[in-house]
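Chemist: What follows is each chain in one-letter form.
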Amino acid sequence: MNAPFKPRFSRREVLAGGGALALAFSVPVSAIAQAPAGAPAAPRLPGDLQTNRKLSMWLRIEEGGKVRLLVGKVELGQGILTAVQQLCAEELGVDFNRIVITSGDTSLVPNEGVTAGSLSMPGCGTAVRHASADARGILVDLAAQRLGVDAGKLDVADGTISGEGKQITYWELVSGQELEVEATAKTPLRARDKRRYIGKNIPRIDIPAKMTGQPIYVQDLRPDGMVHGRIVRLPVYDAKLVSVDTSGVEKMPGVLKVVRDGSFLGVIAEREEQAIRAADTLRRIAQWDVPKDVPTSETVYDWMQKQKLQDIVIKNDSRSNSTAVAATIAVEYRRPFHMHASIGPSCALATLDADGMMTIQTHSQSVFETRNAIAMMLGVDRTKVRCQHVQGSGCYGHNGADDVAADAALLARAMPGRPVRVQWTRNDEHKWEPYGAAMLTRIKAGVDGNGNVLDWDYQLWSTSHGTRPSSNAGNLLAGQVLEKPFPLPVPVNGGPPNYAADRNAIAMYEFPGQVVTTHFITTFAARASSTRGLGAYANVFSIESFMDELAHRAQVDPLEYRLRVLKNERGRAVLQKAADNFGWANWRKAPGRGRGIAYAQYKNLATYCAIAIEVEVERNTGKIRVLRAVAATDSGEIVSPDGIRNQIEGGIVQSLSWSLKEAVRFDAGGVHSDDWISYPILTFSEVPKIEIELIDRPGQPFLGAGEAAQGPTGAALANAVFDAVGVRYRELPLTPSKVKMALQS
Amino acid sequence: MPVLKVNGQSHNLAVPDDAPLLYVLRNDLKLNGPKFGCGLSQCGACTVLIDGQPVRSCVTSAGAVVGQDIVTLEGLGTPEKPHRLQRAFIDEQAAQCGYCANGMIMRAKALLDTVPKPSEGEVRLALDGNLCRCGVHQRIISAVMRASREA
Numbered sequence: 001m002n003a004p005f006k007p008r009f010s011r012r013e014v015l016a017g018g019g020a021l022a023l024a025f026s027v028p029v030s031a032i033a034q035a036p037a038g039a040p041a042a043p044r045l046p047g048d049l050q051t052n053r054k055l056s057m058w059l060r061i062e063e064g065g066k067v068r069l070l071v072g073k074v075e076l077g078q079g080i081l082t083a084v085q086q087l088c089a090e091e092l093g094v095d096f097n098r099i100v101i102t103s104g105d106t107s108l109v110p111n112e113g114v115t116a117g118s119l120s121m122p123g124c125g126t127a128v129r130h131a132s133a134d135a136r137g138i139l140v141d142l143a144a145q146r147l148g149v150d151a152g153k154l155d156v157a158d159g160t161i162s163g164e165g166k167q168i169t170y171w172e173l174v175s176g177q178e179l180e181v182e183a184t185a186k187t188p189l190r191a192r193d194k195r196r197y198i199g200k201n202i203p204r205i206d207i208p209a210k211m212t213g214q215p216i217y218v219q220d221l222r223p224d225g226m227v228h229g230r231i232v233r234l235p236v237y238d239a240k241l242v243s244v245d246t247s248g249v250e251k252m253p254g255v256l257k258v259v260r261d262g263s264f265l266g267v268i269a270e271r272e273e274q275a276i277r278a279a280d281t282l283r284r285i286a287q288w289d290v291p292k293d294v295p296t297s298e299t300v301y302d303w304m305q306k307q308k309l310q311d312i313v314i315k316n317d318s319r320s321n322s323t324a325v326a327a328t329i330a331v332e333y334r335r336p337f338h339m340h341a342s343i344g345p346s347c348a349l350a351t352l353d354a355d356g357m358m359t360i361q362t363h364s365q366s367v368f369e370t371r372n373a374i375a376m377m378l379g380v381d382r383t384k385v386r387c388q389h390v391q392g393s394g395c396y397g398h399n400g401a402d403d404v405a406a407d408a409a410l411l412a413r414a415m416p417g418r419p420v421r422v423q424w425t426r427n428d429e430h431k432w433e434p435y436g437a438a439m440l441t442r443i444k445a446g447v448d449g450n451g452n453v454l455d456w457d458y459q460l461w462s463t464s465h466g467t468r469p470s471s472n473a474g475n476l477l478a479g480q481v482l483e484k485p486f487p488l489p490v491p492v493n494g495g496p497p498n499y500a501a502d503r504n505a506i507a508m509y510e511f512p513g514q515v516v517t518t519h520f521i522t523t524f525a526a527r528a529s530s531t532r533g534l535g536a537y538a539n540v541f542s543i544e545s546f547m548d549e550l551a552h553r554a555q556v557d558p559l560e561y562r563l564r565v566l567k568n569e570r571g572r573a574v575l576q577k578a579a580d581n582f583g584w585a586n587w588r589k590a591p592g593r594g595r596g597i598a599y600a601q602y603k604n605l606a607t608y609c610a611i612a613i614e615v616e617v618e619r620n621t622g623k624i625r626v627l628r629a630v631a632a633t634d635s636g637e638i639v640s641p642d643g644i645r646n647q648i649e650g651g652i653v654q655s656l657s658w659s660l661k662e663a664v665r666f667d668a669g670g671v672h673s674d675d676w677i678s679y680p681i682l683t684f685s686e687v688p689k690i691e692i693e694l695i696d697r698p699g700q701p702f703l704g705a706g707e708a709a710q711g712p713t714g715a716a717l718a719n720a721v722f723d724a725v726g727v728r729y730r731e732l733p734l735t736p737s738k739v740k741m742a743l744q745s
Numbered sequence: 001m002p003v004l005k006v007n008g009q010s011h012n013l014a015v016p017d018d019a020p021l022l023y024v025l026r027n028d029l030k031l032n033g034p035k036f037g038c039g040l041s042q043c044g045a046c047t048v049l050i051d052g053q054p055v056r057s058c059v060t061s062a063g064a065v066v067g068q069d070i071v072t073l074e075g076l077g078t079p080e081k082p083h084r085l086q087r088a089f090i091d092e093q094a095a096q097c098g099y100c101a102n103g104m105i106m107r108a109k110a111l112l113d114t115v116p117k118p119s120e121g122e123v124r125l126a127l128d129g130n131l132c133r134c135g136v137h138q139r140i141i142s143a144v145m146r147a148s149r150e151a
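So the sequences go chain by chain: H and P.
Every letter in the first sequence is one number past the one before it in the working numbering, and letter 513, counting from 1, is 513.
Every letter in the second sequence is one number past the one before it in the working numbering, and letter 8, counting from 1, is 8.
No wet-lab data here; the hints were simulated from the structure.
Treat the hints with caution; some may be incorrect.
Below, a list of computed lysine-lysine pairs in the BS3-like style, where the Cα atoms sit at most 30 Å apart [claimed, not checked]: (1) K738/H x K444/H; (2) K589/H x K484/H; (3) K66/H x K81/P; (4) K251/H x K30/P; (5) K166/H x K153/H; (6) K30/P x K200/H; (7) K66/H x K251/H; (8) K292/H x K306/H; (9) K5/P x K257/H; (10) K567/H x K444/H; (11) K738/H x K661/H; (12) K30/P x K689/H; (13) K186/H x K200/H; (14) K661/H x K567/H; (15) K306/H x K251/H.
Residues from chain P that face chain H, not an exhaustive set, calculated with beta carbons under 7 Å [stated by the list, open to error]: (16) A19; (17) G33; (18) L40; (19) T60; (20) V71; (21) L73; (22) Q86; (23) I90; (24) Q93; (25) R124; (26) R133.
As the structure is a computational prediction, the values presented were derived from the model and not from experiment.
Using N, Cα and C, we set each Cβ at its ideal position, and we do this for glycine too.
Take the sequences, apply the hints, and build the full model.
Modeler: Encoded structure:
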């Protein structure tokens with residue numbers, strides 16, 4: 001957990017640890033930056049050690065019996081800081097509670113890029129594990145010299161190294177010393193039978209504070225002199241502010257300043273409700289130019305096909321056998337835009353110091369790249385902007401966090417010396433966060449006489465899933481509308497191995513022939529960016545729905561139909577486990593009830609996840625009741641079983657909410673899904689019983705679990721509904737009106 | 001100038017009567033429990049107890065609750081001495097981001113005060129107006145059931 005808010009501490013202050021005990025595992029910068037020409041390339045290091053190689057970037061032995069762990073990944077509610085603290089405690093050989101974590105501060109921590117893509121365990125977890133083991137190895141070697149005992153005869157327990165009747169602690173050992181070391185990742189990891197933390201359910205470090213109202217969220221920061229800002233966003237996409245008479249608002253009670261720069265309009269007031277009132281007034285009197293001819297949430301699927309397309313063939317395996325095609329089946333699936341819809345709207349604080357330093361407290365997933373984008377927007381050097389991560393409300397991808405940080409910076413620039421807190425409204429968040437992009441997919445399969453796939457042709461249409469700050473002011477809402485605007489960069493689809501719109505578009509089944517084509521659209525119908533799973537949600541929904549269709553057509557059990565062509569053993573294991581735990585083999589159909597199953601390995605390289613769902617459909621209302629969801633997952637070696645369980649459980653609920661209820665509605669009048677009534681999400685009475693089994697793979701790499709459930713859940717749901725009522729739903733979400741209409745036709 | 005009784009203490013506040021209670025609690029009394037979620041009484045993150053009743057503080061003006069007993073999450077317990085509901089939420093690890101937890105705990109407190117041993121269905125019904133986006137509903141239900149057993 002981050003230390004209590006202290007805005008002006010420097011890297012030197014933190015890393016000095018306030019005393020002589022700090023052990024800097026540092027390497028002279030010259031040794032890295034100026035390697036002699038012709039020197040052998042540095043060895044590949046695991047995880048994010050590859051890009052942050054010095055041990056001093058990650059670890060400090062600090063006075064007072066403490067260890068400081070510095071990480072670039074941040075806590076989003078996914079429990080990552082607890083998991084990496086477990087790894088550090090285990091491999092360094094200290095008690096869990098000795099560790100203090102600093103995360104996501106651009107002045108202090110290793111740059112690990114964005115906290116996204118289920119990459120925190122593979123990247124950060126792996127790095128912390130090896131950095132901690134390396135540090136232990138170095139300390140044991142130091143102790144061997146000091147104690148005159150062979151290193152092989154020394155053991156470590158809670159930072160005390162002992163052997164042959166002698167002992168010394170880490171903190172005694174490093175007093176006054178400096179080491180200059182780069183990670184090697186060659187120190188043996190702790191033996192499995194000596195583990196205290198890996199694979200154990202260690203309670204999350206942040207939960208007690210959250211349950212008792214301790215200040216832990218960015219929304220809770222209240223530095224002295226803080227003032228409140230609100231932004232008046234455009235009424236619709238691409239609107240232009242024509243005129244606004246600010247003189248009346250400037251005289252309203254508590255109003256300190258109205259800030260206008262192009263179409264960016266904000267207000268600062270002493271009290272929060274005064275800022276709200278002033279912003280409401282500005283919103284009422286501002287005159288805007290609004291575009292007329294725009295795509296709508298209804299026309300978007302046609303709109304996508306009419307855009308200039310980048311056609312990318314990502315897989316092209318032609319069939320080598322000459323078996324005759326007995327039938328060709330072609331279908332189309334659709335998913336709408338949907339929201340991250342965090343319960344707490346985005347918030348940030350920014351302060352411009354007398355020395356020109358802009359310090360921003362933010363719940364961004366990408367503190368470094370957001371810092372760079374904001375520096376570009378402000379026209380200042382990157383060294384003049386510092387971003388510090390402080391937790392916000394739930395984060396499931398690129399939401400309003402970065403935009404509100406930019407908003408706060410613009411207001412803070414207009415009021416030097418005062419910390420400015422900007423809180424987005426519910427309306428701001430619903431209308432302006434970048435959504436998960438709508439997608440259209442078409443699959444055509446040629447099957448043999450037994451219904452087995454011979455040729456598989458998969459095509460997808462999508463706008464970008466990646467408009468993160470990426471060090472460019474054009475990706476910030478405010479940056480795009482300033483008097484001198486920064487243009488939105490032309491988006492680029494992410495390529496292999498992670499992919500983006502086409503994430504999980506390649507079916508993991510052994511089909512004799514498979515061609516996959518991405519039709520990537522570089523314009524936008526609605527603001528869109530990374531949302532939990534990116535294209536995987538639509539692609540897995542499509543592939544796994546179609547597999548179900550083909551199985552039913554071939555009159556083969558959908559589980560068996562998949563197992564015929566799924567050769568990956570770990571994939572087969574989760575599929576079989578989910579089916580067994582569900583009671584697939586002995587399940588008896590009752591009227592109105594149905595079961596469905598679906599499987600995917602997230603990104604085709606991360607967590608294996610299979611989900612079986614049972615539903616009941618009310619024919620007269622079209623209402624779907626999800627009775628239970630049974631999942632099995634394999635995320636490689638497990639560090640925190642309950643952490644993975646929580647992610648899969650939450651992923652199932654969120655994906656059920658998307659799949660049953662959610663679609664953003666917009667037209668020329670703007671986004672109409674602007675609150676929880678117009679954009680409802682799943683509630684307690686609708687959440688099913690969820691059972692999860694985790695398959696542990698000791699010694700295997702961490703795979704990352706945060707997004708694995710999104711795709712399989714949607715498909716298993718639609719498959720269960722088909723089983724219940726015999727109607728195939730190919731357009732999400734499966735709302736009661738849609739279900740009812742199809743049942744009646 | 002409302003005088004508010006919050007968590008057993010009286011506060012003379014130099015704030016307008018029509019200031020939303022949520023902002024007074026958060027900004028003037030520096031309490032963190034009640035959260036801003038929607039400002040529309042739709043999500044429940046801002047829930048406090050007023051004379052024992054769960055109330056959405058985002059749409060309640062400070063002037064309207066003068067003289068009444070206002071209890072926030074901080075009034076239930078502390079990290080060192082948590083209320084049984086807070087303890088149960090921690091034991092069940094009933095959170096991801098935890099932003100909705102204030103509303104869940106305060107609403108559940110009002111439930112257990114009137115129905116000490118609720119059924120799971122009663123818990124679901126009581127919490128149905130409180131939104132959680134991370135999807136920890138099942139854990140929250142388990143936590144409330146656990147707290148009811150440990151009464």
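Chemist: Does each hint fit the structure? Answer for all of them.
Modeler: So, going through the hints one by one against the coordinates:
no.	hint	verdict
1	K738/H x K444/H	holds (25 Å)
2	K589/H x K484/H	violated (64 Å)
3	K66/H x K81/P	holds (25 Å)
4	K251/H x K30/P	holds (27 Å)
5	K166/H x K153/H	holds (11 Å)
6	K30/P x K200/H	violated (37 Å)
7	K66/H x K251/H	violated (53 Å)
8	K292/H x K306/H	holds (18 Å)
9	K5/P x K257/H	violated (34 Å)
10	K567/H x K444/H	holds (22 Å)
11	K738/H x K661/H	holds (11 Å)
12	K30/P x K689/H	violated (38 Å)
13	K186/H x K200/H	holds (25 Å)
14	K661/H x K567/H	violated (35 Å)
15	K306/H x K251/H	violated (50 Å)
16	A19	holds (5 Å)
17	G33	holds (3 Å)
18	L40	holds (6 Å)
19	T60	violated (13 Å)
20	V71	violated (12 Å)
21	L73	holds (4 Å)
22	Q86	holds (5 Å)
23	I90	holds (6 Å)
24	Q93	holds (6 Å)
25	R124	holds (4 Å)
26	R133	holds (5 Å)
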